[in-house]
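Asks: If you read the sequences in order, they're chains Y and P.
If you're matching positions, the first sequence starts at 1 in the working numbering and goes up one per residue.
If you're matching positions, the second sequence starts at 1001 in the working numbering and goes up one per residue.
Derived by calculation from the structure, the hints in this document are not laboratory data.
Positions of the beta carbon are idealized from the N, C-alpha and C atoms, including for glycine.
There could be a bad hint or two in this list.
[What the hints assert, rightly or not] Among the chain Y residues that face chain P by a calculated CB cut under 7 Å, a handful are:
1) Ser9
2) Cys12
3) Gln42
4) Gly43
5) Tyr46
6) Gly50
7) Ala102
8) Phe107
[What the hints assert, rightly or not] The following label-pair restraints were derived from C-beta to C-beta distances:
9) Lys1003/P - Lys69/Y: 34 to 40 Å
10) Asn19/Y - Pro1061/P: 16 to 22 Å
11) Glu1069/P - Arg16/Y: 46 to 52 Å
12) Asn19/Y - Gly1097/P: 28 to 34 Å
13) Ala13/Y - Glu1056/P: 28 to 34 Å
14) Ile39/Y - Asn1098/P: 21 to 27 Å
15) Ser1080/P - Ala110/Y: 22 to 28 Å
16) Asp1028/P - Ala13/Y: 41 to 47 Å
17) Glu1079/P - Lys69/Y: 40 to 46 Å
18) Tyr1050/P - Ala110/Y: 40 to 46 Å
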Amino acid sequence: DAKTTQPTSMDCAEGRAANLPCNHSTISGNEYVYWYRQIHSQGPQYIIHGLKNNETNEMASLIITEDRKSSTLILPHATLRDTAVYYCIARNTGGFKTIFGAGTRLFVKA
Amino acid sequence: DVKVTQSSRYLVKRTGEKVFLECVQDMDHENMFWYRQDPGLGLRLIYFSYDVKMKEKGDIPEGYSVSREKKERFSLILESASTNQTSMYLCASSPSGNEKLFFGSGTQLSVL
C-alpha cells in the first residue's frame, strides 16, 4: 500500500469547513483512498473512501485530484464533536492489512 | 449499524496471568482483526482471521494467540501477560472482499 503524508495537526473554527489534506504521490491505480477518524479513547470510525471520483456521504466529502497524488477530506460544517485524529490510508483491494499512520489531529474550536 | 463489542473497557491484570480479550460482531462479517495502539506507535496489527478457525499473524504476534470458534467471536489471548503488553486493544471486523473496517470501542489493558 502506498505511503500517505498528512499534517500533524490542524485547527478549525466551529461552523466552518475543515479541509484535511493528504498526499499519496506513489499511489497505484488500484489503490483506494480511505479516511477514518478516531475520537479520544474510542476505536477508529470509517468516514469515506474513493478511487478517483469525488465522493460525498452524510459525514464528509472526499476530493481526489485528477492525478490521484493527493486528496482532501472536507467536513462542511465542523462541530466540537469533530475534534479527533483523522487517518488517510491508501489501500489495495484484496488482502487484509490496513496500515494506519499517525494521522492529523484536528482541533475544532468554539 | 454494525456493532463490534469488546467485553471490557478497562482491565487490570498482574504479570504472568493469562488474559482473554473477547470481541463479538453482529453483522456476519467474515474478517476479524486485533490491533493494539500505543502512543507514538499508532495502530499495529496483531492477528486477523478470515474465517472460522482460520487465523493469520499480523505484524506483532509475539506473546499473543487468538481463537475463532464461531464466526461472530474473535478472542485475543495473552498466555502470560507482561508489562510491555499494557496497551489499548482494538478489535475490528469487515465483510469479505470489503476493506472497510468496523472497530469496537477498545479495551485499555494495564499489566502490573
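Asks: Now, for every hint given, state plainly whether the structure supports it.
Replies: Evaluation of the provided hints:
1. Ser9: violated (15 Å)
2. Cys12: violated (23 Å)
3. Gln42: For Gln42/Y, the interface hint holds, since the closest Cβ of chain P sits about 6 Å away, which is under 7 Å.
4. Gly43: Where the cut-off is 7 Å and the nearest Cβ of chain P is about 3 Å from Gly43/Y, the hint holds.
5. Tyr46: holds (5 Å)
6. Gly50: violated (12 Å)
7. Ala102: Given a least distance of 6 Å, the restraint on Ala102/Y holds.
8. Phe107: Not OK, violated: Phe107/Y not within 7 Å of chain P, min 18 Å.
9. Lys1003/P - Lys69/Y: 34 to 40 Å: Taking Cβ atoms as reference, Lys1003/P and Lys69/Y lie about 37 Å apart, which means the hint holds.
10. Asn19/Y - Pro1061/P: 16 to 22 Å: Given a distance of about 38 Å, which is not inside 16 to 22 Å, the answer is violated.
11. Glu1069/P - Arg16/Y: 46 to 52 Å: holds (50 Å)
12. Asn19/Y - Gly1097/P: 28 to 34 Å: holds (32 Å)
13. Ala13/Y - Glu1056/P: 28 to 34 Å: violated (45 Å)
14. Ile39/Y - Asn1098/P: 21 to 27 Å: holds (23 Å)
15. Ser1080/P - Ala110/Y: 22 to 28 Å: Check failed, 48 Å falls outside 22 to 28 Å.
16. Asp1028/P - Ala13/Y: 41 to 47 Å: For Ala13/Y against Asp1028/P, whose Cβ atoms are near 42 Å apart, the range 41 to 47 Å holds.
17. Glu1079/P - Lys69/Y: 40 to 46 Å: For Glu1079/P and Lys69/Y the Cβ distance comes to about 45 Å; the hint holds.
18. Tyr1050/P - Ala110/Y: 40 to 46 Å: holds (45 Å)
Hint check: violations occur at hints 1, 2, 6, 8, 10, 13 and 15; the rest are consistent with the structure.
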